[in-house]
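Colleague: One-letter residues, chain by chain:
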Amino acid sequence: MNKTYYFLIALTFALGFGALFLPEKSHTKEITPEQLFYKMNNPSRFVTTDQVARLIIESDPALLLVDARSPDQYRLFSLPGAMNIPMKELVDSNGIICSKWVDYLDIEGLNVIFFSNSDVIADQVWVICTRHELDNLYVMRGGLNTWAETILKPQKPFESSPIEEFALYDFRRGACQYFGGGSISIKSDVVADPVPRIRRKKKTVVAGGC
Amino acid sequence: MGPLISQGYINQEWNFVIALLLGVAFGYILEASGFSSSRKLAGVFYGYDFVVLRVFMTAAMVAMIGLVYFDHMNWIDISKIFILPTFLTSVIVGGVIMGLGFIMGGYCPGTSFTGVAIGKLDAVFFTAGLYLGIFIFSTAFPLIEGIYYGGELGPVTVMETFGISRELFAFLFIMATLMAFFVVSLVQKRVKKIEV
Amino acid sequence: MKNLEERSKQYLNPYFGGVLLGLLLLLTVYITGRGLGATGAIKSSIVTAVDRVAPTYAENQAYYSKFLSDDHHPMSNWLVFETIGIFVGAFLSGLIAGRVKKFRIEHSPKITPKTRLIFATLGGMLFGIGSQFGRGCTSGAALSGTATMATAGFLAMMLIFGSGYLFAYFFRKLWI
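Chains as they are written, first to last, in my numbering: chain F, 1 to 210; chain G, 1 to 196; chain V, 1 to 176.
Isolated chain F, as found in the complex (with noise of 0.2 Å):
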């Protein structure tokens, strides 16, 4: 035998034991922080409260609320068919979202909108659950100050304003009807269903062989 044979046996054993003690790698599934960045800056995850307000009174199968503010907040007030996943429980101790949300929000084909008060929180929720790995998720732009200064109490247009604008009004001013007539002080008690809802398959696994 030659001697480049036993070069290359001490080779490919050296790198099958070395396998062996390669470091216990993490698998958390995260996006690479250009994808995330990516994603950030592109502004189509905002939903407009007028949206909202029609998937709810169309009462959309494919959509679910979520209000990301503290449970106190959320039983004052929230928007009908919401769920509550407070920021604060969204991950645990490890930075990972918590398996009891994922069963939540990893649904194929549901249309997530968190909403706060403001977008703020909201928007961070996006980014946590868009970092690992979550789609379909939006945010109402403007959260509930918005939603109320919008769907609770519109603001009629000036007489000279465009005919859209009085259509939009008219919409908000059913909507607002819809919602309970202005008042903020209604409170919900539809929660989010306790369907049973089958996890999403597993994605874009290529098919193929032979």
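Quick caveat, the hints were computed from the structure, so don't treat them as lab data.
Please note that the accuracy of each hint is not assured.
DSBU-like, lysine-lysine: derived pairs with alpha carbons at most 35 Å apart [as the list claims (entries may be wrong)]:
id : chain 1 : residue 1 : chain 2 : residue 2
1  : G       : Lys189    : V       : Lys102
2  : V       : Lys114    : G       : Lys192
3  : G       : Lys193    : V       : Lys9
4  : V       : Lys173    : V       : Lys101
5  : V       : Lys114    : G       : Lys189
6  : G       : Lys193    : V       : Lys102
7  : F       : Lys3      : G       : Lys189
8  : V       : Lys66     : G       : Lys80
9  : G       : Lys192    : V       : Lys9
10 : V       : Lys9      : V       : Lys114
11 : G       : Lys192    : V       : Lys110
12 : V       : Lys114    : V       : Lys102
13 : F       : Lys88     : F       : Lys100
14 : G       : Lys80     : F       : Lys100
15 : G       : Lys193    : V       : Lys114
16 : G       : Lys193    : F       : Lys3
17 : F       : Lys3      : G       : Lys192
18 : V       : Lys101    : G       : Lys193
19 : V       : Lys9      : V       : Lys173
20 : G       : Lys189    : V       : Lys101
21 : F       : Lys39     : G       : Lys80
22 : V       : Lys9      : G       : Lys189
23 : V       : Lys173    : V       : Lys114
Knowing the structure of chain F, use the given hints to seat chains G and V on it.
Modeller: Relative to the frame of chain F, chains G and V by itself:
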């Protein structure tokens, strides 16, 4: 990073160009290693030429250990790789039939293509046989559907089947391969050499 | 410069060829997320042919219909292009080494060329049937499957070679 195509790093349009290039490399390596000769291939079963075993096992070993390291370097997302689903009955039936076909025909599909490319008439007939066989299978499929879907285990890996880690399996595979190389080199010395 | 006859007998060192093949397989998995294959292209062409001749039969039959879809042609398949590449690559290699010659039959001196062709066809037929049961051939299931550590691939490799050795005795006249 990888797999590049399913992660969107490479455009789908390039997919087929890449397929062609990888195929060229595949064909070149197979032919250059001598896989276009059926008597050289069949030698593995009679001990006069172990080129199949050497090339095949080395390739499997290199790719396997490569994937282990790629996974650790986070260069590839191992969960997005296609894992052949296991249908126990089907793979046993298929494996035995393929072994029989190998010893009778002297080629396997990929190598018969390389044989055709350099003008081996037996490889042409083998390829024609492949067409025939797949046609027979597809047409008779309703009769053999039970076998085809028998013993489904899903896309399991050897790690799940044997309950060992990826690294340990790779290590054991390397040990077995090196051992096999040593044994066949002894066998080859004792078997009468056949010039092909 | 050696003569052509001698040069055409020179192959790569099997270990070197194996390392190249392994690196190629690794690259393929890295780029596409799956391994190499060979029989897939034949299956695609058969599906295409059957679909052309008897479209209603193909759409309603359980196996053919699996590979027919409205949004793409069965021939516009990764493996079809890869297989075209195999022919090109093998031809190139053969050309360089001086192995490309007019059609000839390679057989053991103990059998006639006719016997060789009959057994080659039979073997091909069996391999074709087996590859469908195994969901891949030696390259698609055994090699790529073993490298990606799929249990099915590992089993296929063991079984192909195992049964090859099992039946080798009965067919020894064909080869030695």
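Colleague: Indicate, hint by hint, whether the structure satisfies it.
Modeller: Evaluation of the provided hints:
Restraint check for Lys189 (chain G) and Lys102 (chain V): satisfied, since their Cα atoms lie roughly 34 Å apart, inside the 35 Å limit. Distance check on the hinted pair: Lys114 (chain V) and Lys192 (chain G) sit about 26 Å apart at the alpha-carbon level, within 35 Å; holds. A C-alpha spacing of about 15 Å is found between Lys193 (chain G) and Lys9 (chain V), which places the hinted pair at or below 35 Å, so the restraint holds. Proximity of Lys173 (chain V) to Lys101 (chain V) is assessed by CA-CA distance (about 26 Å); at most 35 Å being required, the pair is judged to hold.
Taken as a hint, the Lys114 (chain V) and Lys189 (chain G) pair is honoured in the structure, with Cα atoms around 32 Å apart against an allowance of 35 Å. Taking the CA atoms of Lys193 (chain G) and Lys102 (chain V), the gap is about 27 Å. The hint holds against a cut of 35 Å. Of the pairs offered as hints, the one joining Lys3 (chain F) and Lys189 (chain G) holds, with about 19 Å between alpha carbons and a cut-off of 35 Å not exceeded. Proximity of Lys66 (chain V) to Lys80 (chain G) is assessed by CA-CA distance (about 22 Å); at most 35 Å being required, the pair is judged to hold.
In summary, the hint linking Lys192 (chain G) to Lys9 (chain V) is supported, as the alpha carbons are separated by about 19 Å, within the 35 Å threshold. Annotation: proposed proximity of Lys9 (chain V) to Lys114 (chain V) holds, straight-line Cα distance about 25 Å (limit 35 Å). With a C-alpha separation of about 16 Å, the suggested pairing of Lys192 (chain G) with Lys110 (chain V) holds against the 35 Å cut-off. Straight-line distance between C-alpha atoms of Lys114 (chain V) and Lys102 (chain V) comes to about 18 Å, which keeps the hinted pair within the 35 Å bound.
Taken as a hint, the Lys88 (chain F) and Lys100 (chain F) pair is honoured in the structure, with Cα atoms around 14 Å apart against an allowance of 35 Å. For the suggested pair Lys80 (chain G) and Lys100 (chain F), the alpha carbons sit about 24 Å apart, so the restraint of at most 35 Å is met. Proposed proximity of Lys193 (chain G) and Lys114 (chain V) is supported: the alpha carbons are some 25 Å apart, at most 35 Å. With a CA separation close to 24 Å, the supplied pair Lys193 (chain G) and Lys3 (chain F) stays within the 35 Å bound.
Restraint check for Lys3 (chain F) and Lys192 (chain G): the C-alpha separation of about 26 Å stays at or below 35 Å, so the hint holds. For the proposed pair Lys101 (chain V) and Lys193 (chain G), the alpha carbon gap of about 25 Å is at most 35 Å, so the pair holds. With a C-alpha separation of about 23 Å, the suggested pairing of Lys9 (chain V) with Lys173 (chain V) holds against the 35 Å cut-off. Among the hinted pairs, Lys189 (chain G) with Lys101 (chain V) is consistent with the structure: their alpha-carbon atoms are about 32 Å apart, no more than 35 Å.
Proposed proximity of Lys39 (chain F) and Lys80 (chain G) is supported: the alpha carbons are some 22 Å apart, at most 35 Å. At roughly 20 Å between alpha-carbon atoms, Lys9 (chain V) and Lys189 (chain G) fall within 35 Å of each other, so this suggested pair holds. Proximity of Lys173 (chain V) to Lys114 (chain V) is assessed by CA-CA distance (about 14 Å); at most 35 Å being required, the pair is judged to hold.
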